[in-house]
Amino acid sequence: MNSAKQPRGSTGAGRRRPARPGGPLLWFLGRRLVAAALLCVGITLVAFVLTQLVPGDPAAANLGQRAIGDPEVVAAFRAKYGLDQPVPVQYLTYIGNVLQGNFGLSQQSHRPVAQDLAEYVPATIELALFAIVLSLLVGVALGVVAAVNRDRWPDQVLRVVSLGGVSMPTFWVALVAFYLLFFKFGLLPGGGRLDPGMSPPPYATGFYTLDAALAGQWDVLSSAAGHLVLPSLVLAVYTVGMLMRFTRASVLEILGNDYVRAARAKGLPERVVILRHVLRPAMVAIITVAGVAFGSLLSGAVLVENIFSWPGLGQYAYRSAVNLDLPGIMGVSIVVAAVYILINLLVDLLYGVIDPRIRLT
Amino acid sequence: MRIRSAGLLAALTLTSLLAACGGGGSTPSATGAPGGKTVVIDTAFQLKTTDPARMFEPTGLLIDRAIYDTLLTFNGSDVTKPVPALAESYTAAPDAKTFTFKLRADAKFSDGTPVTSADVVFSLNRVKNVKGNPSFLMDGLTVAAPDPATVVVTSEKPNTAVPFILPNPALGILNSAVAKKNGASDAEGADKADTAESFLNSQSLGSGPYILDSYSTTSQVVLTVNEKYWGEKPAYAKVVVRNVQANVQRLNVLKGESQIAVDLSPEQAKGLDQLQTVNGASPNVFFVFTNDNPEISKISSNPKFQEAVRYGIDYQSLVDLAGEGAVQAPGVVPSVFLGALPGSDGVVRDVAKAKAALAESGLQNPTVKLSYPSDVQVNGLNFGDLAARVQANLKEVGINVELAPASVQAALETYRGGTEEMGLWQWGPDFPDPSNYLNFLPGQLVGLRAGWAEGAAPALEELGTKASTTVDDAERAGLYVDIQHSMNEAGPIMPLIQPAQILVAAKSVQNVQSNALWLVNVRELG
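Quick note, the sequences are listed as chains A and B, same order.
Here my numbering runs 78 ahead of the position in the first sequence, where the first position is 1.
Here my numbering runs 15 ahead of the position in the second sequence, where the first position is 1.
Bear in mind the hints are in silico, worked out from the structure with no lab data behind them.
Note that the structure is predicted; figures quoted are calculated from it, not measured.
Treat the hints with care, as some may be off.
[As the list claims (entries may be wrong)] Derived pair list, reagent style DSS-like, types lysine-lysine, alpha-carbon separation capped at 25 Å: (1) B:Lys-522 x B:Lys-285; (2) B:Lys-285 x A:Lys-262; (3) B:Lys-270 x A:Lys-262; (4) A:Lys-158 x B:Lys-195; (5) B:Lys-313 x B:Lys-410; (6) B:Lys-112 x B:Lys-481; (7) A:Lys-158 x B:Lys-196; (8) B:Lys-522 x A:Lys-262; (9) B:Lys-285 x A:Lys-158.
Kindly generate the complete structure, drawing on both the sequences and the hints.
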């Protein structure tokens with residue numbers, strides 16, 4: 079999000095630039111992708127070194143109290159997971175395998191990490207997408223309302239709401255929401271991605287809602303969508319608060335510009351002024367925050383996933399850490415890093431879409 | 016202002032979205048599923064695989080018990096008496112080295128093929144040679160099939176525990192022909208050659224009342240009834256085992272979203288009058304040790320210091336802390352096993368005796384470090400809470416205890432290395448026979464972790480050797496009683512408590528029983 083530059087002194091709607099050739103965009107993308115690949119390698123190195131520094135032995139963490147006392151079993155475990163090799167060899171072997179799409183074998187699930195990630199990453203992305211869409215809808219709308227009604231009662235009320243949203247611990251919100259909306263009033267389904275005993279839709283994307291729709295399984299779609307609501311609402315509480323605050327600040331800043339006054343003086347309807355001349359430039363700041371929020375939703379949903387029995391990346395990361403499952407930890411690190419990088423890239427590209435004055439360098 | 020209506024519109028959109036998607040979902044009931052009854056069991060998963068040769072975690076035991084038959088088994092919660100399963104009868108040679116099993120003629124796998132002795136030999140040898148977590152169960156045992164209906168298990172040494180080991184679901188019998196086609200091997204080198212685990216996590220090959228329908232280590236495992244099951248049909252057509260944390264389990268079972276909650280603590284299980292509670296002592300034994308190795312600590316290895324610790328601990332306060340259903344562990348053998356001491360034989364706190372012993376030890380205001388895993392619970396009980404109570408107890412007799420919590424991985428390393436000055440741990444049974452607790456004697460697995468070297472207590476070790484080779488159950492029980500009395504007199508290991516093992520279930524579910532090995536008797540639920 080730091081590679082998009084806005085030309086100095088650009089304030090009003092200036093003269094439209096001539097259409098850019100595709101070259102600079104491709105050059106930009108190419109550079110960013112190379113940097114992303116190097117960053118991912120760097121992250122694997124950091125994750126690998128940190129895991130080696132943690133006191134504890136993966137064999138002790140994964141073998142039972144009797145098995146750990148049997149040298150043959152311990153040797154078989156170490157050989158199976160490559161732990162009998164020198165540490166630098168382990169790392170180089172791992173990187174070599176990753177380049178071929180092999181993320182290793184998880185010690186906690188006894189499956190290829192790639193297979194685990196293919197199951198758990200879509201679960202978390204689906205949840206995070208639902209939460210971020212809710213957050214954008216509600217947070218931006220309420221932020222605009224607060225800005226337009228600056229220092230009047232709607233602004234005061236929404237300020238308390240946004241402050242509450244960013245202040246309340248998410249796990250606490252999760253427990254309260256679960257208790258009230260599921261247990262007490264039965265308004266929403268409880269934990270899991272589907273109703274108990276319901277079979278998942280045939281795997282296509284890993285997003286149950288999408289897969290169920292593709293398969294025409296409408297009961298599964300209804301169940302999957304219903305189960306998304308409560309955890310995504312909980313996750314959205316924080317991001318709504320954050321987006322409201324940023325939207326309000328950004329809109330207020332733009333409302334003070336001369337061109338907004340000029341638009342109003344021209345007699346444009348307030349809706350057009352706000353949506354076209356204020357909200358659009360404000361979106362640059364808003365999508366920056368939304369991008370960061372989406373990344374943190376992906377990597378920080380451990381407690382919410384745990385409370386809602388959501389089989390996602392957070393639970394997988396937690397189990398990997400507890401079991402000192404090195405391939406699992408590395409796989410999660412790479413995925414989270416890659417998602418952050420992609421979001422940054424997407425946000426940078428969106429800058430240009432929202433504000434054509436912004437050049438990609 | 017129109018922009019206000021934009022906010023209103025967003026709120027309306029959200030509300031309609033909730034209305035469209037919400038509605039509370041469908042709440043399953045023990046009677047409502049199409050095609051038969053469904054029972055939903057909530058437990059915090061400890062699950063890595065359902066492949067019997069690699070499985071030894073609590074959730075895996077619960078699931079595999081429903082899928083795979085074993086030669087012998089236990090009924091309900093009684094783990095003191097192995098009963099026939101695939102073997103309709105068995106005989107044990109007087110030297111406790113040879114056990115001969117006659118197989119049932121009517122037992123069939125889920126594909127309809129009969130269970131033969133070749134399947135038994137293959138399955139048990141596979142457990143041994145895959146060298147996974149449960150392979151120790153086959154230590155010193157060899158299996159042979161003199162004819163299709165007979166299996167002979169031979170032990171290198173007299174081993175009275177064999178009938179208690181064989182009911183373990185890790186020793187479940189697989190359809191060997193199908194297993195081999197899908198990469199299974201029972202030969203030496205199977206640790207590298209056997210590639211059947213992923214297949215066995217997608218499809219079961221057992222002869223039990225259920226088959227594996229779907230499997231996930233983080234969300235749920237679904238079992239459906241085995242239409243070819245040779246025994247009495249189970250009451251439930253579908254069993255859903257879900258991964259749910261304990262406090263949510265409570266809400267789910269109260270709401271009727273699930274029918275059985277496995278991991279509630281005594282506190283969480285209070286006030287659930289509309290449900291049934293099965294409350295018993297867990298076979299897990301919490302204990303403390305003071306390292307007997309002078310090279311580790313001159314303080315903790317002092318016999319009089321050990322005596323002061325033994326009589327300084329307030330066992331009843333630890334039982335109170337653990338909640339309703341917990342009991343003092345009078346010895347290392349849990350109360351539900353053969354050879355357990357009666358509750359009245361437990362050590363009773365005697366502060367004066369503890370202080371006198373400390374004075375005799377010659378130690379002035381000794382300070383010791385108590386290590387324990389701080390990030391795990393057993394039966395809803397925190398090690399940290401127990402450690403703090405022990406610290407307070409011993410402070411009253413003049414012993415300063417420094418608490419040394421660590422992550423379970425870090426703590427396991429020092430515990431297993433025998434380098435902890437004082438440790439607080441628990442032992443869950445590998446199999447429900449008192450011989451499993453010979454591990455606590457000098458020179459054995461747990462004994463060594465407590466720095467208790469071979470030769471440290473010759474009379475006790477002699478008793479242990481005799482107990483391991485004695486065949487008669489009454490005589491064995493007497494020997495284990497003697498062993499535990501001796502350990503309660505002197506030595507570095509002090510058993511503390513057995514926490515409560517609680518199952519909370521809907522009243523509609525009949526015959527819910529807690530089993531020391533597989534937690535819930537899924538196949539016997541009514």
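Here's how the hints hold up against the structure:
Straight-line distance between C-alpha atoms of B:Lys-522 and B:Lys-285 comes to about 16 Å, which keeps the hinted pair within the 25 Å bound. Proposed proximity of B:Lys-285 and A:Lys-262 is supported: the alpha carbons are some 19 Å apart, at most 25 Å. A C-alpha spacing of about 9 Å is found between B:Lys-270 and A:Lys-262, which places the hinted pair at or below 25 Å, so the restraint holds. In summary, the hint linking A:Lys-158 to B:Lys-195 is supported, as the alpha carbons are separated by about 21 Å, within the 25 Å threshold.
Distance restraint check for B:Lys-313 and B:Lys-410: the Cα-Cα separation of roughly 19 Å lies within the 25 Å cut-off, and the hinted pair is therefore satisfied. Restraint check: the Cα-Cα separation between B:Lys-112 and B:Lys-481 comes to about 15 Å, which is no more than 25 Å; the hinted pair holds. For the hint linking A:Lys-158 to B:Lys-196, the alpha-carbon distance of about 22 Å falls within 25 Å, and the restraint holds. Between the alpha carbons of B:Lys-522 and A:Lys-262 the distance comes to roughly 21 Å, so the proposed pair stays at or under 25 Å and holds.
Under the criterion of a C-alpha separation no larger than 25 Å, the hint pairing B:Lys-285 with A:Lys-158 is inconsistent with the structure, at around 46 Å.
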